[in-house]
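These protein sequence lines map, in sequence, to chains G, L and F.
Sequential numbering from 1 applies to the first sequence in this note's numbering.
Sequential numbering from 333 applies to the second sequence in this note's numbering.
Sequential numbering from 841 applies to the third sequence in this note's numbering.
Derived by calculation from the structure, the hints in this document are not laboratory data.
Note that the structure is a prediction, hence the values are computed from the model and not measured.
Certain hints may be false.
[To be verified] Listed next, the stretches of chain G that the computed footprint assigns to chain F, with coverage defined by at least 3 CB atoms under 8 angstroms from CB atoms of chain F: (1) 82-94; (2) 100-114; (3) 203-209; (4) 280-288.
[Unchecked claim] Short, incomplete list of chain F residues facing chain L, as computed with Cβ under 10 angstroms: (5) I1038; (6) A1058; (7) G1073; (8) I1074.
[To be verified] Covered by chain F, according to a simulated footprint, are these stretches of chain L (three or more residues, beta-carbon under 8 angstroms): (9) 677-685; (10) 699-706.
The beta carbon of each residue, even a glycine, is placed where N, CA and C say it ideally should be.
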Amino acid sequence: MEILATFFNVGLVVATIRTTTPILLVALGGSFTTKAGIFNIGLEGQMLIAAFFAVIGSIWTGSSFGGMLIGVAAALAFALVYAVLVVSFRANEVVVGLALNILAGGMTISLMKAIFGTRGSVVGRGIVGLPKVQLPGARDILGPSYAQLISGYTPLVYVAFLSVPLLVLFYARTRLGLYLRVVGEKPEAAETLGISIARVRYIASLLCGLFAGLAGAHMSLGYITMFTENMSSGRGFMAVAILIFSAGDPLKVLLGCLLFGFADAFSLRLQILNFPSYLILAVPYAVALLALFALSWRTRPKLIRETLETMRNALAGKPQDSGGKLPSDNRP
Amino acid sequence: MDIAVKLQGITKRFDAFTANDRIDLSVRRGEIHAIIGENGAGKTTLMNVLFGLLQPDEGTISVNGKPLVVTSPAVAIAEGLGMVHQHFKLVPSLTVADNIFLGMEIRKRGLIDRKAQIEQARTLSRKFGLNVDPAERVAGLSVGIEQRIEILKVLARNARIIILDEPTAVLTPQESRDLFATLRSFVEDGMTVIFISHHLEEVMAVSDTITVLRDGRVVATRGKSELSKRELVRMMVGRDVSFDRRPRSPGSGRAVLSVSDLWARDDRRLPALKAVNLSVSAGEIVGIAGVAGNGQTELAEVLSGLRPASHGSALLHGKELLEHSPAEIRARGLAHVPGDRLARGVDGNATLSANMLMGRQRKQPYSRRGLIDWRAVDRETKALMQRFDIRARGPRDLASSLSGGNIQKVVLAREFTAGGDFLLIDQPTRGVDIGAQEAIHSEIMRQRADDKAILLISTQLDELAALADRILVMFEGRIMGEIDGAAMDEESIGLMMAGIDPVAAAEV
Amino acid sequence: MIASLLPRNLRRTLAGQLLALAIALALGAVVILMIDENPLRVFATLMRGAFGDSEKIAGTLLQTTPILICGVAACIGLRGGMFNVGIEGQLFLGGFAAAWVGFSFALPPVLHVLVAVAAAVAAGAAWVSVPAYFRVRFGANEVVSTILANYVAVLLTSYFTIFLFKRPGGWSETPPILPSAYLPELFSFSRLNIGLLIGLALAVATALFFRFTTTGYAVTMVGSAPKFAEYGGINVRRAGFGVLLASGAVGGLAGGVETLGVHHRFMEGFAPGFGFDGLIAALLANGSPIGTIFTALFFGALRAGSLLLEVDTTASREIITVIQALIILAVSADLLLRRKGDRTGGRRWKF
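Excised from the complex, chain G in its bound form (with noise of 0.2 angstroms):
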């Protein structure tokens, strides 16, 4: 029981919003570019670019925020590459995902080693964290030992959570949100009607940018503040695991980077039990691996489920009633 209660806590429960933010934020970004018919691999790439411009920007700057805006332009900058490339020269899109993720690696280590004269990771120098910010009166609500579940984050776990009821409502009632869905779901649609698919998908790239960046910022302005090399360590890999799984609508992208995040923080917790940390560090990928595989084998039985369904109507002679009888989720 002892042992429970060092692993299911509050702290627990902090540690998992925590670590959730930033795969939040750049899965969020990616709903934009997913809704719009874009697969976008080369989110590990802008939240890794973004991670150390930020630092860069807030040692320049010497404040967070600016380290922060720093970080999300070279997101953008790379979005708007990406963009440019996959929408007006119509590459491929997984090519120049994994181009520009590449491209961040390499960039982030050479300008490191030429600005810092380092390699590995950028500690201290200036580097201005994100402020934690307190919720006024959460103590005297929650009382001490639950307030920091509402309170103390960085804005940014904020901005992240905040950001899925946003995003709910950005595709049910925006016309902007409609747009994107349209062109992802029925490009030809759009066209007729005078909606550019090219802008649209423009705004996708760029948005998702927007929070790729954020991400970014969060991890190495967040509760560490460092850049080290190859930092975001595949979680923009994983985002895009939750974005297939989740076709990009915001709350199953939630309920996927809660898994991810819970997944993170209780792998931590295990080292308290000596597990050796190499595998500790894999059990977020093998997570992502196993949800991305039961995923995909789950539409098996539904799909029997309702054949069944059909045949049973079909066979009784009912009139096959053509509306509103579609699995109202036939995506794989």
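Once you have looked at the hints, place chains L and F on chain G.
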């Protein structure tokens, strides 16, 4: 005379190909003006130019007497033009109302006002007698309803000149009749309808004025009363053609394929085939008629092993073919000319030789011990190109460089010489020019004379009338009834295509 | 016969690649200026490091070897319409498996090498088999699953190395393999070994396989027109699975060759980035194994040259990664090479 649309000297070229050649067209206000011509005559190109989807290389457009440079559909829409495309452009996950107002959303405080959209869509549908439920999702609605939504989309944009591109291609004869009534009511309200078709009967039935296009040029514009069907055909194709019934001798009658109680699902997991029974004998052509999308594709896919059946049996030479792979079914005698020839029938990026090799790559003389003899393949391909009159420079040409008719001949050549005695032929002449059509029909008749068993799926009734010994009509996955090919009458087939019981149909 | 192995529109392809190369090098020069170095000096150093003398050339070929083998692995996948981005992981596992056989068993010389190579091949194939199964059976995206598997593979081999098989007293590496498992070296002055010849032979054999065998034909058709292949009686799923498995096996082989020929042990992070370099080389060669020989040589030269770069200039050797990425971006945008299958929804692996 009040002219709604005037096109003068419109020329549109695609590389070396001239799709529209100095076309002049005047459409009077308040008429239904049909533009008729064969596939590839330039009808759709012309309308896309008028609607701003394509820019003409030469020529001028004026709408309501006002000269206009239509740089985009937005310009056309602003002038009161509206277009209903052949392939519907609706977003399945959105509601009917969302689709109608897409691009001109009603908003309140920056957010889309769902309620107001549904309300207005309802008003609109009542006003024009186009019955739809605006709150419903589009996914799963029938094509007839989808077309109504497309028309409402155009009406919501205050269109007074409506262009319809091949609107009846996906409709049953009865649905088409409803559509024509709607179009009539539009012109009575003072609107103008431009109606594109390659179907003689309906053009004669509904239009006031007819313009015939051939090879990108205007052949004639006449009032309907000044034209006979025969004249119209001659103008369309440039010569007299007959799709009269091909002469035939009786086949041997040996049963080759027999299908009983066959069920299968479509890609959306809904039943696509329901209790299908049919049989095909050697030396017989059995036609499958029906509006596209009533299970014909699924039937072909199940019989060729590309789609699992959920129930039933299909015996080829007395042996079950369900649950067997396409390769096994082919080995037992199936040859298959697929309906979607560009995706299924060829690889456009491969050479003609590589396309001919498909399915026989493990057979001598094409390969020996797993090694392909490309010279033998080229030789055989050359021979087939000659025999089937395939126009290409050589066997190393890419398939995508050929015309539609020649690509289809590649498929036929490969399939008809593969040694199978059961031919499954799906839409053999869709998108193929008249000359090639006749050659293809003759080849099919030759195969019949060779005592092959042929199942011919077609949406073109004249094609079935010319070729089939018996015709089965499919509707929503069921065989509605059987008709003797020699005694086919279009009205009763039409009823069956609309899903009306054959017994009742016989009484009508 | 060799001519028939080259891409059909060779001249256009070459013109396109060269133009892209020029653009990429120009952009690379800009990046080098950004880090306060002289582009000409960097390029000259790269060239000197790659081709300065026979030892340097051997060094270039030494770097080329794993890139070439990984490139062939990628070509196999691309031909069958599969994006195996997991070559890096297969390389690591293959490398470890070969090392394990090399230090754990005492076998006669030639046999030892063969068994170790077989273990590498099997490990690579086994590692890709799970993503491959879910790809062909349930359509789980192979790009993402193989990328994620890379991270697991690297961590897993690190775990094996450090926790299970650590050389006593050593840093994070396994015990050395027995000399009986060494791949024979080609020259006395370099560790360059017959791995290069294996790679060259593999590239030619792969090209011949795709051109002249019925299975190669079937796989090519599955890659370029899956629906047509299915219709023609080819088992598309089996072909896809086989392609990924073969690709993974060759990826594993690359690791085995690297272990048995160069390092003679497995160590943490033993061959970083070769898998990705191979993939890029294959993409640059448009999926042609013969073309990959040249692109792999090019990337090998960049890598070898970059070693001198760190000594002679202030630039870091990762600058070549930047140049490689820029080349790919430039090539991907090249208008001379239209990407195919855009509207038909076919798989697009060509640019």
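Hints, verified against the model:
no., hint, verdict
1, 82-94, "holds (count 7)"
2, 100-114, "holds (count 12)"
3, 203-209, "violated (count 0)"
4, 280-288, "holds (count 5)"
5, I1038, "violated (23 angstroms)"
6, A1058, "holds (7 angstroms)"
7, G1073, "holds (3 angstroms)"
8, I1074, "holds (7 angstroms)"
9, 677-685, "holds (count 6)"
10, 699-706, "holds (count 5)"
In this structure, the hints that do not hold are numbers 3 and 5, in rising order.
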